Every structure is written in structure tokens, then in C-alpha cells.
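**Q** One letter stands for each residue in the lines below.
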Amino acid sequence: MNGCKALVIGGSAGSLEVLLKVLPALDTDLSFPIVIVIHRKHGTDSLLPDLLATRTKLKVKEVEEKEALLAGTIYIAPSDYHLLIEQDHTFSLDYSEKINFSRPAIDATFQTAAEVYGKQLICILLSGSNSDGVNGLKTVKDWGGEAAIQDPDTAQVSYMPHQAMINVEIDHILNADTMGEFINSLS
Amino acid sequence: MDLTVINDTQVDVLLSDLLEYYGYDFTGYSRASLKRRILRLYSLDKMVSFAEFRFKIRNDQVYFKRFVEQITVNVTEMFRDPGFYKTLRDVVLPKLGTYPFIRIWLAGCSTGEEAYSVAIILKELNLLNKSLIYATDLNPTVLEKAASSMISLSQMKQYSENYILSGGTKDFSSYYTANYSLAKFDEELKRKIIFSTHNLVSDHSFNEFQLILCRNVLIYFDRELQQKVLNLFDESLEHLGYLALGTKETIEFTNISKRYKRLVPEKIWRKIV
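One line per chain: the protein sequences are A and B, in this order. Quick note on numbering: the first sequence equals residues 1 to 187 in this note's numbering. Quick note on numbering: the second sequence equals residues 1001 to 1273 in this note's numbering.
The set of hints was computed from the structure by calculation and includes no laboratory data. What you are looking at is a predicted structure, and each value in this text was computed from that prediction instead of being measured. Virtual Cβ for every residue (Gly too), placed ideally from N, Cα, C. One should not assume that every hint holds.
[Stated by the list, open to error] Mimicking SDA-like on lysine to any residue, the simulated pairs with C-alpha atoms at most 20 Å apart in a straight line are:
| id | chain 1 | residue 1 | chain 2 | residue 2 |
| --- | --- | --- | --- | --- |
| 1 | B | Lys-1056 | B | Asp-1017 |
| 2 | A | Lys-98 | B | Lys-1267 |
| 3 | A | Lys-61 | B | Met-1150 |
| 4 | A | Lys-141 | B | Asn-1007 |
| 5 | B | Lys-1192 | B | Met-1150 |
| 6 | A | Lys-138 | B | Met-1150 |
| 7 | B | Lys-1065 | B | Leu-1018 |
| 8 | A | Lys-141 | B | Leu-1003 |
| 9 | B | Lys-1157 | A | Asp-80 |
| 10 | A | Lys-41 | B | Leu-1018 |
| 11 | B | Lys-1065 | A | Ser-96 |
| 12 | A | Lys-119 | B | Asp-1008 |
| 13 | B | Lys-1261 | B | Asp-1222 |
| 14 | B | Lys-1157 | A | Glu-97 |
| 15 | B | Lys-1046 | B | Lys-1086 |
| 16 | A | Lys-61 | B | Thr-1250 |
| 17 | B | Lys-1086 | B | Ser-1160 |
| 18 | B | Lys-1267 | A | Lys-141 |
| 19 | A | Lys-138 | B | Gln-1158 |
| 20 | A | Lys-141 | B | Thr-1004 |
| 21 | A | Lys-119 | A | Glu-146 |
[Claimed, not checked] For the chain A half of the interface with chain B, some residues (derived, Cβ under 10 Å), not all of them:
| id | residue |
| --- | --- |
| 22 | Glu-86 |
| 23 | Thr-112 |
| 24 | Asp-177 |
| 25 | Thr-178 |
Based on the provided sequences and hints, a complete structural model is requested.
**A** Pasting the structure below:
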């Protein structure tokens, strides 16, 4: 992809260990923001950003509502809110009904990001046990962006990336060991 | 959900119709969320064209009501974020208990779950008799539901857990009567709640309060509207009164922040100047 403006990563069960492997491999001068939407239990708020921050020199933070997306920063979706991206490249939060039994729903972030970043967006769907994110990847493709998944064969829980593979034309199939390198190459 | 059936320009058209025909101003709402709500309704109601959708909203009063109810988010819970309610119970309300009379404004009350939660804590602190909760929402339909004091029984297990985590020690089921699939809350709680329409965007301050709760409403507003609404709260709050927002909302970086002191770690601020 030329001129990536944003990378959004979604995952559920089994995706945390992928992130823990990928983050240390990332260059510290990435030219785009990374947004991470992981299903997690409500009430465990500050733990995930802290945990991920120990694995990279890049700035890691939980999203504040109306905050602007900046290159070289890793943003984590807060638990129990949907995370949306606005046309002016800021975040907004939404406490509406769960989607695919999930809040945050990966679909909501993928879809709003697709509308904002179009061809300059890439979204990666990791390991997980439901199909959240699959519709989002479809939207990303509709708007000209690129869809990537963790290889279902190497994913701890293959259902989510596998559903994406069946339903969406996937551009890149990645595994945890080479995902960091792939992300660096987008910069 | 097909995201291409309504574009941003068409959203603008709908918003200006609402303002012109009904006086409802949604132009300061965060656009991504609002657009998703509109698209959701469009597909839910199986609309065939934008023109039909627009015509219905402009010309059908009943449908207009449905539109407003559906594009605003009315998801709510009893004792959501138990830690917040624990602080209300242990710190804020005992302080206000020294006043002869306690006036509380719950802005954006939706179907009333938060209002009944606050009323239960007031009752347990023996403060309910000298308190009045003004619970407002822009949406008449949800207020009707709130005033019926009936909540789906299937939620009660979760709410009971939240209640215990928030420091409640009574038997939660003693506050309601189960009636088929619904739980009806005691009249005693409802007597101290006034449900009324109020639109934060266009209506003014209507009283002075010692506590204003507005949780998970500001997230739907853009920065400018947030500032405007915070000023409205500031005008409506007594000296040493408390303002409570949602866990992801803040008054930091606004022009009222200097006059307030936060009760860390909660999103509660006390007006100190």
C-alpha cells in the first residue's frame, strides 16, 4: 500500500499474545497511527494499555473521546464503548447497543475508519471466536482500503479470521512472527 | 448495514429538516455516531429511498418521534459503574445530607434506570424524603417508559450485582414487585422523581441544584456543544455542588474547569469557586 494513513487492528480471544509479539517489532517512527480494538471484560480498564506499553517504545494510550489521531501513536479502545472515527480524524465514543455481542465492536471502528481513510486504510483481523470485524473488513474493501487477517492456521482461535477469509477478499494473510515487519513496510 | 445508502450531505439535509420543521437541533452531535444511528433506522424500517425516508420524517409526526427516539442512544443500566455509585453513597450524598433540601438534576435520564438507582441510595441514607430528583430527557417516549417505573425483569440479576458492588446491603428485590416479565419499582421511589422533557441543546437552566448527573451524554456532542452544555450545568449548580459525568467524559480543558475540584478517581467535580 502507498501512503498508509491509518492501521486498525481488531481481535478477540487469543489476540493479546499476537500483539505482545508484534509490538516489540515495530519501528518507532511509524508514519501513521495504530488503533487497536480488542474485546475485553468491562472493568479491567487501565490494564491493557499499560501491558502493551511495556512492549514498545511507541506511545500507547487508551483513547480519550474527541482526541485527534496522531502518527506514531498506538490507541487502545476503552472497554464498554464503541470506538468511532470522525471525518476530522478525531475519535468519538458511543455507548449504543452491543454489536455482535460486543462493545467495543470491531465492525464499528473498521467501518467508520473506512469512510474516513478510504484507500489509505489497512485493517487487520486477528484471532477470535466470533465474527465481529468481518462486516467491517467488507466495508474497508468497499471504500478501497486493504484487508488483512492473521492466518487462521496459526491463530489460537481461528473462527474470526476464518470467517473473514470466507466472506471477504483478503489482501494479506499474516502470522504473528512477520506481522511487525509487514506493518513497518507500510510506513 | 449498507453505509452508502445515505451520504454525509444527506445527513446534513435531514438535520436541517429537523431544525426547520420541529426545532430539534442535532447539528452539534458527533457525526459518526449519529450517521450510524440514522443508517441503522433506515435499514430497520426497510426504507427504499432517501427521498421516502426524508418525506416521512418531515410529514409524519408519529414517525418523527420514532426517528428522534431511535437516533439518540437510550442504552442505560442501573448502578452502571458501581464504583461511581459507591462514591455517591459514601462521599457525595452524605455531604449533601447536611442541607435542608436536596435538589438533583439527572440530565439525559433515558428510561429512568439511573434515577431509580439514585433514589434507592437516597432512601438507604434516609435522605429520600428531603430530596427531589429532576430527571430529564429530550425524548418524550423514553420518559413515558421511565415514569411507568417498570424495567425488564431479565436485567435484574445484573442490576442486583451492580447494586451490591456499589455498596448496597439490602435485598435488591425488596425494591420492586415482579409482574410477569417486568419489575415495577416502589411508588415511594417514584414519588421523589419528576420526569420531564428538557433539551440540553436548546433549553435553559430551570433551577439550582446541589448535584447534577449527566453520564454518557456529552460523548455524543462535539466540543463546542459540550462546552455550551457544561456552561449550562455550571449556571445550574450551587456553590459547593457536584457535577458527575461518564467515565470517559471530562471538564478538563474547558472554561469551567478552574472553578472545580475533582474527586479522584471518579469523574465527579465539586464547584469550589
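**Q** Next step is simple, just say for each hint if it's right about the structure.
**A** Against the structure, the hints come out as follows:
Only pairs whose Cα atoms come within 20 Å are accepted, and Lys-1056 (chain B) paired with Asp-1017 (chain B) is accepted, the gap being roughly 11 Å. Of the supplied pair hints, the one linking Lys-98 (chain A) and Lys-1267 (chain B) is violated, its CA atoms being roughly 24 Å apart against a limit of 20 Å. Restraint check: the Cα-Cα separation between Lys-61 (chain A) and Met-1150 (chain B) comes to about 40 Å, which exceeds 20 Å; the hinted pair is violated. For the hint pairing Lys-141 (chain A) with Asn-1007 (chain B), the CA-to-CA distance comes to about 18 Å; that is within 20 Å, so the pair holds.
Straight-line distance between C-alpha atoms of Lys-1192 (chain B) and Met-1150 (chain B) comes to about 16 Å, which keeps the hinted pair within the 20 Å bound. Only pairs whose Cα atoms come within 20 Å are accepted, and Lys-138 (chain A) paired with Met-1150 (chain B) is rejected, the gap being roughly 40 Å. Proposed proximity of Lys-1065 (chain B) and Leu-1018 (chain B) is supported: the alpha carbons are some 11 Å apart, at most 20 Å. At roughly 12 Å between alpha-carbon atoms, Lys-141 (chain A) and Leu-1003 (chain B) fall within 20 Å of each other, so this suggested pair holds.
Using a Cα cut-off of 20 Å, the hinted pair Lys-1157 (chain B) and Asp-80 (chain A) holds, with the two alpha carbons roughly 19 Å apart. Taking the CA atoms of Lys-41 (chain A) and Leu-1018 (chain B), the gap is near 38 Å; set against the 20 Å cutoff, the hint is violated. For the hint linking Lys-1065 (chain B) to Ser-96 (chain A), the alpha-carbon distance of about 19 Å falls within 20 Å, and the restraint holds. A C-alpha spacing of about 18 Å is found between Lys-119 (chain A) and Asp-1008 (chain B), which places the hinted pair at or below 20 Å, so the restraint holds.
Restraint check: the Cα-Cα separation between Lys-1261 (chain B) and Asp-1222 (chain B) comes to about 24 Å, which exceeds 20 Å; the hinted pair is violated. With a C-alpha separation of about 19 Å, the suggested pairing of Lys-1157 (chain B) with Glu-97 (chain A) holds against the 20 Å cut-off. Between the alpha carbons of Lys-1046 (chain B) and Lys-1086 (chain B) the distance comes to roughly 44 Å, so the proposed pair goes past 20 Å and is violated. With a C-alpha separation of about 17 Å, the suggested pairing of Lys-61 (chain A) with Thr-1250 (chain B) holds against the 20 Å cut-off.
For the given pair, Lys-1086 (chain B) sits about 14 Å from Ser-1160 (chain B) by alpha-carbon distance, which is consistent with the 20 Å threshold. For the hint linking Lys-1267 (chain B) to Lys-141 (chain A), the alpha-carbon distance of about 39 Å lies beyond 20 Å, and the restraint is violated. Of the pairs offered as hints, the one joining Lys-138 (chain A) and Gln-1158 (chain B) is violated, with about 35 Å between alpha carbons and a cut-off of 20 Å exceeded. Distance check on the hinted pair: Lys-141 (chain A) and Thr-1004 (chain B) sit about 13 Å apart at the alpha-carbon level, within 20 Å; holds.
Distance restraint check for Lys-119 (chain A) and Glu-146 (chain A): the Cα-Cα separation of roughly 7 Å lies within the 20 Å cut-off, and the hinted pair is therefore satisfied. About 5 Å separates the beta-carbon of Glu-86 (chain A) from the nearest beta-carbon of chain B, less than 10 Å, and the hint is met. Look at Thr-112 (chain A): its Cβ gets to within about 5 Å of chain B, closer than 10 Å, so that hint holds up. Hint status for Asp-177 (chain A) relative to chain B: violated, with the closest Cβ pair at about 34 Å, above 10 Å.
For Thr-178 (chain A), the interface hint is violated, the least distance from its beta-carbon to any beta-carbon of chain B being 32 Å, above 10 Å.
Going through the hint list in order, the structure does not satisfy hints 2, 3, 6, 10, 13, 15, 18, 19, 24 and 25.
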